[in-house]
Amino acid sequence: MKIKDGFVLREVAGQTVVIGVGALSEQFHGMIRLNDTGAEIWKGLSRGDAPETIAEHLTKTYDVDADRALADVQAFVTDARSHGFLDEA
Amino acid sequence: MSEKNMNDVAQDGVSGLHEAAQSGIGHAAAGQPAGESARTLVLACNVAGVACEVSFRQSDTPRFFADYLTDPRAAEYRQLLGPVRVPYRQDLVDACLKEFPENGPAYAEWSAAYAEISNEMPRYNRFVFHGAAVEFNGKAYLFTAPSGTGKSTHIALWRSYLGERVDIVNGDKPIIRVEDDAVYACGSPWSGKEQWQRPVQVPLGGVCFLRRGVENTIRRVRPDEYINAIMNCIFIPTQDSALAGRALELLDQLLTRVPLYELHCDMSRDAVRTSFEAMTGKGFDDYTLPDEPKTPVATRQKTSDAADPTDVQRAADAAGAGDAASPANTADDTANVSETMSAIAATDATENEAAK
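Here the protein sequences line up with chains A and B, keeping their order. The numbering used here applies: residue 1 is where the first sequence begins, and numbers increase by one. The numbering used here applies: residue 90 is where the second sequence begins, and numbers increase by one.
Some clues are possibly wrong.
Stated by the list, open to error - Distance ranges between label pairs, derived from CB positions:
no., chain 1, residue 1, chain 2, residue 2, range
1, A, D65, B, E351, 40 to 46 Å
2, B, A127, A, T78, 54 to 60 Å
3, B, P176, A, G48, 53 to 59 Å
4, A, R68, B, E304, 46 to 52 Å
5, A, A66, B, R301, 50 to 56 Å
6, A, K2, B, R309, 39 to 45 Å
7, A, G48, B, P348, 37 to 43 Å
8, B, R254, A, K60, 54 to 60 Å
9, A, K60, B, D313, 22 to 28 Å
10, B, P176, A, A23, 19 to 25 Å
11, A, T78, B, K371, 50 to 56 Å
Unchecked claim - Listed next, the stretches of chain A that the computed footprint assigns to chain B, with coverage defined by at least 3 CB atoms under 8 Å from CB atoms of chain B:
no., segment
12, 7-15
13, 21-32
In short, the hints are calculated from the structure, not lab data. What you are looking at is a predicted structure, and each value in this text was computed from that prediction instead of being measured. Using N, Cα and C, we set each Cβ at its ideal position, and we do this for glycine too.
With the rest of the complex left out, here is chain A (with noise of 0.2 Å):
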């Protein structure tokens, strides 16, 4: 399970923006904006790191239990799935 390839991510005044590029721009048109930890897991999915992986990572950056953090991956893997934007093989 991995981000499809096609997204371009970058902070723009502060802000974390991705764009879907190539045949994905076609697909997706406007942007996507994320915060802080959107943006950790993202990036994380984006290297196709396994949630429990990117949870663990998260605990060590902000102040969060590890039940908590792993629940936030698979909610936002969820809904990453749910928009089309994950390549499952």
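Fit chain B to the known structure of chain A by using the hints.
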């Protein structure tokens, strides 16, 4: 906004352009479909300091580039960035002709070149911005709004109350150039139906998001308040991830280095006073007389009511995710993604309110 610029595409530059096309780099392009006798020539032009070599077939096409044509043999030409070589794209020309047949084939070639050149601009620290930019006292002021809101009207009002102290940079698609010393607004050959443009590069003094209102008010805004709106305004080369990323990096520079404003305005003299004083820091009464407009707003007969195919292609919507920063809020944020994602209506129709 000199009379010359407010009028038809200048006629006087045309012969020079054509000459450039026929000499130097002018040559028949390879890959011409068999059976077509049209000769493909190349014109050389200077777009915001970038050399562009545009393939064309219609004898009228160079006229659309008139103020930007350059002699490719001149020493100055070699000082420019680039060149961006624009091949003849029959598919783009045909698409434009199909959509706007009444505008003719030369217009279609000019539009096709816009798409190609806009795509390449981020490579040279530049990007196309959909808005209207004027120059006053050595600084450029860029107004942006959804089409139909009245940005053309607003800059025409600046001209009518402030006279020749105000000049046009570009009425529809200035090119933003990001350098270490300053961010510039630059003229380009693509300037909307009014064809208000000058081939200049002017340090940008402010960007103003224009809204219609019953009172004239203006305030400074933070960059993050307007990211969604501004993403509508810029041309992002979405077929190339490196250039798309570069465009976003340049946008970041624009947003963090240039003052941003939100103006609510009507079409009165007070509307001009409001934006002028806030953005320039000067007293409106020091630059104008307390009477009616003294410079008539120039108008230009439209060639077509059709929507402009060179409109910035990326449109997002105004919905945005919040600033929440804890993991607990990620679900809310991604919920907002759907709203943002689903919106891409290209809203830009005609701007009939302009230049009344």
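Hints, verified against the model:
Checked against the given bound of 40 to 46 Å, the beta carbons of D65 (chain A) and E351 (chain B), roughly 41 Å apart, stay inside it. Distance hint for A127 (chain B) and T78 (chain A): a CB-CB separation of about 55 Å, consistent with the stated range 54 to 60 Å. A hinted range of 53 to 59 Å is violated for the C-beta pair P176 (chain B) and G48 (chain A), which are about 38 Å apart. For the hinted restraint 46 to 52 Å between R68 (chain A) and E304 (chain B), the CB-CB distance of approximately 47 Å keeps it satisfied.
Between A66 (chain A) and R301 (chain B) the Cβ separation comes to about 51 Å, which falls inside the hinted range of 50 to 56 Å. Against the hinted window of 39 to 45 Å, the Cβ-Cβ separation of K2 (chain A) and R309 (chain B) comes to about 41 Å, which satisfies the hint. As the Cβ distance of G48 (chain A) to P348 (chain B) is approximately 42 Å, the hint placing it in 37 to 43 Å holds. A hinted range of 54 to 60 Å holds for the C-beta pair R254 (chain B) and K60 (chain A), which are about 58 Å apart.
Under the hint 22 to 28 Å, the C-beta atoms of K60 (chain A) and D313 (chain B), about 27 Å apart, fit the expected range. Range check, P176 (chain B) to A23 (chain A): about 22 Å between beta-carbon atoms, so the 19 to 25 Å window is met. Between T78 (chain A) and K371 (chain B) the CB atoms are about 55 Å apart, so this pair conforms to the stated range of 50 to 56 Å. For the segment 7-15 of chain A, the stated coverage by chain B holds: 7 residues have a C-beta nearer than 8 Å to a C-beta of that chain, and at least 3 were required.
Three residues within the 8 Å Cβ limit are the bar, and the segment 21-32 of chain A against chain B gives 8, so the coverage statement holds.
Of the numbered hints given earlier, the model fails hint 3 alone.
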